[in-house]
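Colleague: Here is what each chain is made of, one letter per residue.
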Amino acid sequence: MSDTTDWLADQLAQLKSADQSFINKSIYQAAIDLAKEQEKRAQQSQDELDGRIWSPDKW
Amino acid sequence: MKTLILISHPHFEDSGTQQFLKTSFYSLDDVKYQVIDDLYAATNAIDIDKEQNALRDFDRIIFQFPMYWYSSPASLKQFMDDVFTRNYIVAKHALKDKELGIVVSLGDAETDFQAGGPEQFTISELLRPFQAFANKSGMTYLKPFVVNQFGYLTPSEKEKLLVDYLAYLSATMPLSLANREQWLVQRLQATKADKPDDQQRMIDLVINAIDDQQNNVESLKEDVKMIRDQEE
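If you read the sequences in order, they're chains L and U.
Under this note's numbering, the letters of the first sequence match residues 531 to 589, in that order.
Under this note's numbering, the letters of the second sequence match residues 143 to 374, in that order.
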């Protein structure tokens, strides 16, 4: 995981364990999952950019 | 955005699934609900005008029920037959441009509902009459939300169900990553209530970081689109 996603997961895990409400716990968990999904999407786009920029068709 | 949940269930108070969903939607301000069975239990003939008028205030209407013989329990059909008169739906277009969502709970595994599976037919196929109704009414039909065998869910699966359900009730559709992010940030804001200052600050920092990540995702997506468009 990236530094930001690691940091987010850590902060949200702290908030989750400190909260008694099942609803809030669920929201914090969903935010952890969202951060991971954001990182995955960003990585996919970055990989596609790299692939297209370095395409042998353009050499 | 305001949402009305019309619940059809002969034993609403005794249903673990329904009580879980009820506790969940109580956390949202702009969501109201009506148990149709209670409406009919209270009176022999419901007030059609009153029920018709009550729907006007809402942007999203949800039919929520357990699947009984591949459809809803009888009370929803009764309600539709009584309240959704031809004049109201077709002549007055009273529900036009609203959204219709279906929250259906299953006793059998969702994976059984597919061609070649024990049930043979998909949930989308079985719920087709509701889709046809939405079409006739000029409503936008949302992807049905399936609660799959609630009794077998683990605590972490229940957490996910809760958030997905709340998003289905109140997030902007379709639920793209951007819409989901925007919605979740609102929910994170709401968790700040009654928290000490240091935790509120922590939540603000989390929200900023999530927003930054989302901006990064959107900007990379734009870059990819630009290069694709140049190439193809």
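It is worth saying that the hints were derived from the structure and are not from the lab.
Honestly, I wouldn't trust all of these hints.
Stated by the list, open to error - Below, in silico cross-link-like pairs of lysine-lysine (DSSO-like), each with a Cα-Cα straight-line distance of 30 Å or less: (1) U:Lys363 - U:Lys285; (2) U:Lys367 - L:Lys566; (3) L:Lys546 - U:Lys278; (4) U:Lys164 - L:Lys555.
Colleague: Each hint needs a verdict: does it hold in this structure or not?
Modeller: Hint by hint, here is what the structure shows:
no.: 1; hint: U:Lys363 - U:Lys285; in the structure: holds (25 Å)
no.: 2; hint: U:Lys367 - L:Lys566; in the structure: holds (22 Å)
no.: 3; hint: L:Lys546 - U:Lys278; in the structure: violated (45 Å)
no.: 4; hint: U:Lys164 - L:Lys555; in the structure: holds (17 Å)
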